[in-house]
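Asker: If you want the building blocks of each chain, they are given just below.
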Amino acid sequence: MEQKKLTIGVTGLNNIDSPGPGVSVIRGIKESEIDARIIGLAYENLEPGIYMPGLVDKTYLIPFPSTGSEAFLERLEYIHSKEKLDIIIPNFDSELYLFIKFSDKLLEMGIHTFLPTMEQFEERHKDNLPEYAKKYGIKVPESRPIVNSKELSNLPKPLSYPYFIKGKFYEAFKVVNNNQGIYYFNKLSAKWGLPVVVQQAINGTEVNVIALGDGEGNTVSAVAMRKQYITDKGKAWGGITLNDERLLEITHHIIKETKWRGAMELEMIKTDEGEYYLIEINPRIPAWVFLAVGAGQNIPEMVCRLAMGEKVEPITTYKYGKMFIRYSWDLIGDIADFEKIVIFGEL
Amino acid sequence: MSKLNSLAISDNGFIFKPSTGESFTTNEIGLMIINLLKEGKSADEIISVITEEFDIDAISAGRDLYEYLDFLKREKMLD
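In order, the protein sequence lines correspond to chains A and B. So in UniProt numbering, the last spot in the first sequence is 347, and the numbers never skip. So in UniProt numbering, the last spot in the second sequence is 79, and the numbers never skip.
Worth double-checking, as some hints may not be accurate.
List time: in silico DSS-like cross-link candidates among lysine-lysine, alpha-carbon distance up to 30 Å [what the hints assert, rightly or not]:
id : chain 1 : residue 1 : chain 2 : residue 2
1  : A       : LYS322    : B       : LYS73
2  : A       : LYS174    : B       : LYS76
3  : B       : LYS76     : A       : LYS319
4  : B       : LYS38     : A       : LYS319
5  : A       : LYS139    : B       : LYS76
6  : A       : LYS322    : B       : LYS3
7  : B       : LYS73     : A       : LYS319
8  : A       : LYS340    : A       : LYS5
9  : A       : LYS126    : A       : LYS30
10 : A       : LYS168    : A       : LYS227
Rather than coming from a laboratory, the hints here were simulated on the basis of the structure.
Could you put together the complete structure from these sequences and hints?
Answerer: Here it is as structure tokens:
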């Protein structure tokens, strides 16, 4: 890459107990040879990434996607007029729809992204997973999207307890009886909307892959990981890279068949019999991306290069047995910084 | 590569299984058994080495060896 300084906007600075991927993405970019000015794009005043020393050069608050596309675009246009953004890396499921929808408009403005197509984004939704699995020859647990809690008492066979009940975008709870199911249905539908998905629980070990497709069917990067410590929110607090050839084969197969463009996270269950069930595809970089960087595959760097139209050679090796352990750390901030974010929406 | 040879084993008896991310610890005898298995030694040869190296009779060594082999198979570390 020519040594032009790139201005890169990154969302997901909420490095909290259920962390967004932004801080890890920025760390990856900073460890690469890319000369970057990092612009944080935050939704909340207290997203830790705003205040972390040496992380972002400047942060702007942006409106929640639910505010509407007009306000969202207007704010991005304002930020672009100030910062001349070259790239934006969105890191939330809930904002991806808008970024994908307006990717051509952003490109006209000079802002590059490297995201899945709208078709790719839509077809891997949790409520569409059975059709997705059938189309691409992947095993998935029995599942069913539901829009009314009454459906829970009459789930079609072979769905049975225990099952997981999942929000449209985030969160999943294990359910062992109908009352529990109704409680979580109400909670998830109120928070994330409809449908809510019921998915059969599969006994086994959860294994994950972070991967990057070039949009032409090639897997540019793929790193497999097993969570070693899971928080009460179901998030990995520690994980370790794996040498799991079958898992990587499945990843390559999915990317080849779907011609996936951009980063993704595959969440799978490996049974004791060695079978793999796909439970979810997250269409973005996961929060544990810095483990992949540490294992030898700098996915944030590769996303930037692909976004700028560079040809990126696939990396096929990484170090096994690399671990990450999250920690919490109290930052000391100043009320003056908080004031700037609250009053001006910029810091 | 055999399952045993795919393991990362330190001299301290720490075993890392890269295919699953699991780790185990083993004692001096366990470490010796694994190294002898990797060299292709038979059960009788391993028992003989154990009785030479440690203050233990052949029957006890045999019982310990087969228990250990069961453990390795159960954890899918041995073909």
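Asker: Run the distance test for A:LYS322 versus B:LYS3: straight-line Cα separation, threshold 30 Å.
Answerer: 20 Å, holds
Asker: Can the restraint linking A:LYS174 and B:LYS76 be considered satisfied, given a maximum Cα separation of 30 Å?
Answerer: Cα-Cα ~29 Å, so holds.
Asker: A:LYS168 and A:LYS227 were given as a pair; does the straight-line alpha-carbon distance stay at or below 30 Å?
Answerer: At roughly 23 Å apart (the allowed maximum being 30 Å), A:LYS227 and A:LYS168 satisfy the hint.
Asker: A:LYS126 and A:LYS30 were given as a pair; does the straight-line alpha-carbon distance stay at or below 30 Å?
Answerer: Given pair A:LYS126, A:LYS30 is violated - Cα atoms ~33 Å apart, limit 30 Å.
Asker: Does B:LYS76 sit within 30 Å of A:LYS139, going by the straight-line distance between their CA atoms?
Answerer: Judged against 30 Å, a Cα distance of about 23 Å means the pair holds.
Asker: For A:LYS340 and A:LYS5, compute the direct alpha-carbon distance and say whether it is at most 30 Å.
Answerer: Holds, at about 27 Å.
Asker: Verify the proposed pairing of B:LYS38 with A:LYS319, using a straight-line Cα cut of 30 Å.
Answerer: 23 Å, holds
Asker: Assess, step by step, whether the Cα of B:LYS73 is no farther than 30 Å from the Cα of A:LYS319, and give holds or violated.
Answerer: With a Cα-Cα distance of about 26 Å, the restraint between B:LYS73 and A:LYS319 holds, given a limit of 30 Å.
Asker: For B:LYS76 and A:LYS319, compute the direct alpha-carbon distance and say whether it is at most 30 Å.
Answerer: Since the Cα atoms of B:LYS76 and A:LYS319 sit roughly 22 Å apart, the hinted pair holds (cutoff 30 Å).
Asker: Would you mind confirming whether the straight-line C-alpha gap from A:LYS322 to B:LYS73 stays at or under 30 Å?
Answerer: 25 Å, holds
Violated hints amount to a single one, hint 9; each of the other numbered hints is respected by the structure.
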